[in-house]
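**Student:** Spelled out from the first residue to the last, the chains are:
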Amino acid sequence: MNKFLKYTLLLIVSFVFLFPILWVLLSSFKPQSELFTYPLTILPHRPTLENYVNAFASGDFITYYKNSLFVSVVATLITITINVMAGYALSKFWFRGRDLIFYVMVGTLMIPLQAIMIPIFILLKNLGLLNSLWGIIIPPAATPTGVFLARQYLQTIPDSFIEAARIDGAGEFKIFTMIIVPLAKPIIATIAIFSFMWRWNDFLWPFIVVSANKKMTLQLALANFVGQFQINWGNLLAMTVVTMIPMIIVFLALQKYFVKGLTAGGVKA
Amino acid sequence: MRKKKIASMMVLLLLAVALGSLWAQPKTTLTVLWFNDANESDVFMATMADYQQDHPNVTIDMQVIPFKDYENKLRLMIAGGNPPDVARLASAHVPLFANSLEPLSGKPVFDELAKGYFASSLALGQDDNGRVMVMPTEATANGMIVNKTYFKNAGIDVDKLSQTWTWDQWVDAMKKVLKANPKAKYGITVDFSTHRFSTFLYEAGGRFLSSDGKSMNFNTPETLDALKFFKMLHDEALAPKSVWMGSENPQELFQSGLVACHVGGSWLINAYSRNIKDFEWGVVRMPSRKINSSVPGGKFVGTFKNSPNKKEALDLIAVFSDKAHNEQYCRDTFNLSARKDANITYASRSKDFAVFTEDLNLTPAYTADDWKSDVVAKLNSYAREQIVEGLLGKQTMEQTAANIQAKGNSYFK
Chain A
1 MNKFLKYTLL LIVSFVFLFP ILWVLLSSFK PQSELFTYPL TILPHRPTLE
51 NYVNAFASGD FITYYKNSLF VSVVATLITI TINVMAGYAL SKFWFRGRDL
101 IFYVMVGTLM IPLQAIMIPI FILLKNLGLL NSLWGIIIPP AATPTGVFLA
151 RQYLQTIPDS FIEAARIDGA GEFKIFTMII VPLAKPIIAT IAIFSFMWRW
201 NDFLWPFIVV SANKKMTLQL ALANFVGQFQ INWGNLLAMT VVTMIPMIIV
251 FLALQKYFVK GLTAGGVKA
Chain B
1 MRKKKIASMM VLLLLAVALG SLWAQPKTTL TVLWFNDANE SDVFMATMAD
51 YQQDHPNVTI DMQVIPFKDY ENKLRLMIAG GNPPDVARLA SAHVPLFANS
101 LEPLSGKPVF DELAKGYFAS SLALGQDDNG RVMVMPTEAT ANGMIVNKTY
151 FKNAGIDVDK LSQTWTWDQW VDAMKKVLKA NPKAKYGITV DFSTHRFSTF
201 LYEAGGRFLS SDGKSMNFNT PETLDALKFF KMLHDEALAP KSVWMGSENP
251 QELFQSGLVA CHVGGSWLIN AYSRNIKDFE WGVVRMPSRK INSSVPGGKF
301 VGTFKNSPNK KEALDLIAVF SDKAHNEQYC RDTFNLSARK DANITYASRS
351 KDFAVFTEDL NLTPAYTADD WKSDVVAKLN SYAREQIVEG LLGKQTMEQT
401 AANIQAKGNS YFK
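Residue numbers (this note's numbering), protein chains in the order written: chain A, 1 to 269; chain B, 1 to 413.
With the rest of the complex left out, here is chain A:
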């Protein structure tokens, strides 16, 4: 009975969370004229693919999709590399000013991007990174949140592992790649999910960097369906469904590590 209640509750909560996604999915198959019929209907009366066809015809969505995938995958790889290395250095090496560096790094989280938009724009312009995908990828690659998560997690790895490897004659790079990285799998998965999700959904940074249509990411292209006076709901719904797919795949692939990575850093070894 207890189990029954628990699962019923879980089913209800899941339904509450999944319903908006399901409604978006079903509505994306409704013709424009059916989107605003009253009373509202869940299932489309005349299912059609016209929203998908129109949305793909309204812009170069294959290019936007490729751009978003390239930015999200490459930026995530760079972010993981930098964050795990920085987290390792800040948790396992002692050097003067180590904690100060860490606090300054975490302190940058308090500066909102909106406040430094113009200096960033000028910097990117001077570096020749405007209207380039690398301009979206490189500058925000070293995320303070990722460094924080990696540092907290790597602190839980006993120092004796590293000392034993040093006694066995392993170099620092070998210790990092052969011992630290395999042990850090859960936190790498967590950072990967966070980074991919943030990069895939990010609007503000690509908005600053990119204005050329060929370099647009999906989120920028999606926002273009909302005009001054009109919103193209059909296209918007169809492309929202399409943009959700990679997120769902990444989350399903890495979910078993996700909770472990988030909670493991909470206990100090």
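Simulated from the structure, these hints should not be mistaken for lab results. Accuracy of the hints is not assured; some may be wrong.
As the list claims (entries may be wrong) - Result set (DSS-like, lysine-lysine): computed pairs, CA atoms no more than 25 Å apart in a straight line:
no., chain 1, residue 1, chain 2, residue 2
1, B, K323, B, K107
2, B, K305, A, K125
3, B, K73, A, K125
4, B, K115, A, K125
5, B, K311, A, K125
6, B, K228, B, K185
7, B, K68, A, K214
8, B, K310, B, K323
9, B, K340, B, K107
10, B, K310, A, K214
11, B, K68, A, K125
12, B, K115, B, K305
13, B, K27, A, K214
14, A, K125, B, K310
15, A, K66, B, K73
16, A, K214, B, K185
Values in this document were obtained by computation on a predicted structure and should not be read as measured data.
Got chain A sorted already, so can you dock chain B onto it with the hints?
**Tutor:** Okay, now just chain B, sitting in the frame of chain A:
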């Protein structure tokens, strides 16, 4: 001998290539910053196809930015020293960017072109000194769109009645319409915008600024009449509270058949033609109060003082603003033209466009003077908040009018 011949031919060929490259015009890429409601950027490119053929050295780099963030992007580009060569602007943008725009007045080609445009449209593109800063691409007019099926069900010939109707007659008609159509919950919905509310303001004889534009003239009995009428519409449940006091989209309410009339504007024809299949709809004349009035608006194109390719940008704007290009653009984007001599046959709905034009022709010129002012631009969101406070009953409409007047006065100091 043969070798000599080949060698001299090679020299000649090289010379020709070298001279050719000296004479060849340098390649220019014009960045055009745009925002879309529907497919305006594509239509712009199609309209300028002949220009591109005639100017093979010029490439147009169309950059489409979402409208919500357009102002920020443009500010960012200008502040960062990287303004676009050409930018599309809404009328509300013009006072905000007037200092950065390259004036078009005083340039013979634009002085000549300006003669072909309606003064009310040009006025919205002028700075405080009356200089034309941007050229109108299309005009917009506020007005009323009705669900004709609902009126028919109530036995009312709305086309006939609306020729001369007043707001009192509209209220009477609406009571019959709502009774005859149980699905219709409300009589009217008005876009959540000070600009659209100002249609009621002007019809009641009110205005924002004095005739010389140098002081506020908002807190008047006429304004109060408009504000109180607007509140009555909400209090009597003729208008849904969910639009001005919530976040409901009026277009969706009208399209779903929940509301019989929508005070929006000419831009809606495009969307409603695409989306409404379940009932008959059309544009009718705005009911009159003290006068008949619409509110002019529009979109514009301009270039900036620091644009890298200003000469080519001015050339492009001039070509885009001539009669043929303007007509093609307005026809294909389903918009009213701001040109006096435009003669456009739309693929459909020409009659509806004509009604908007009729309303626009009756509109006083000071409506454009109000909306080109940077004081009204700054006052825009505050005025909307204050009207909502009045609708919610948190303050009287007298207080609303006084607050808006006081805020406006503070911008003149």
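**Student:** Compare the structure with each hint and give your call.
**Tutor:** The hints, checked one at a time:
1. B:K323 - B:K107: 18 Å, holds
2. B:K305 - A:K125: At roughly 19 Å apart (the allowed maximum being 25 Å), A:K125 and B:K305 satisfy the hint.
3. B:K73 - A:K125: 14 Å, holds
4. B:K115 - A:K125: Violated. B:K115 to A:K125 sits at ~40 Å, over the 25 Å cutoff.
5. B:K311 - A:K125: 23 Å, holds
6. B:K228 - B:K185: 22 Å, holds
7. B:K68 - A:K214: Holds - the C-alpha atoms of A:K214 and B:K68 are around 20 Å apart, at most 25 Å.
8. B:K310 - B:K323: Satisfied, since the Cα-Cα distance of roughly 22 Å is no more than 25 Å.
9. B:K340 - B:K107: Distance of about 21 Å is within 25 Å: holds.
10. B:K310 - A:K214: 24 Å, holds
11. B:K68 - A:K125: 23 Å, holds
12. B:K115 - B:K305: Given pair B:K115, B:K305 holds - Cα atoms ~24 Å apart, limit 25 Å.
13. B:K27 - A:K214: 20 Å, holds
14. A:K125 - B:K310: 20 Å, holds
15. A:K66 - B:K73: With Cα atoms ~24 Å apart, A:K66 and B:K73 stay inside 25 Å; holds.
16. A:K214 - B:K185: Distance of about 46 Å is beyond 25 Å: violated.
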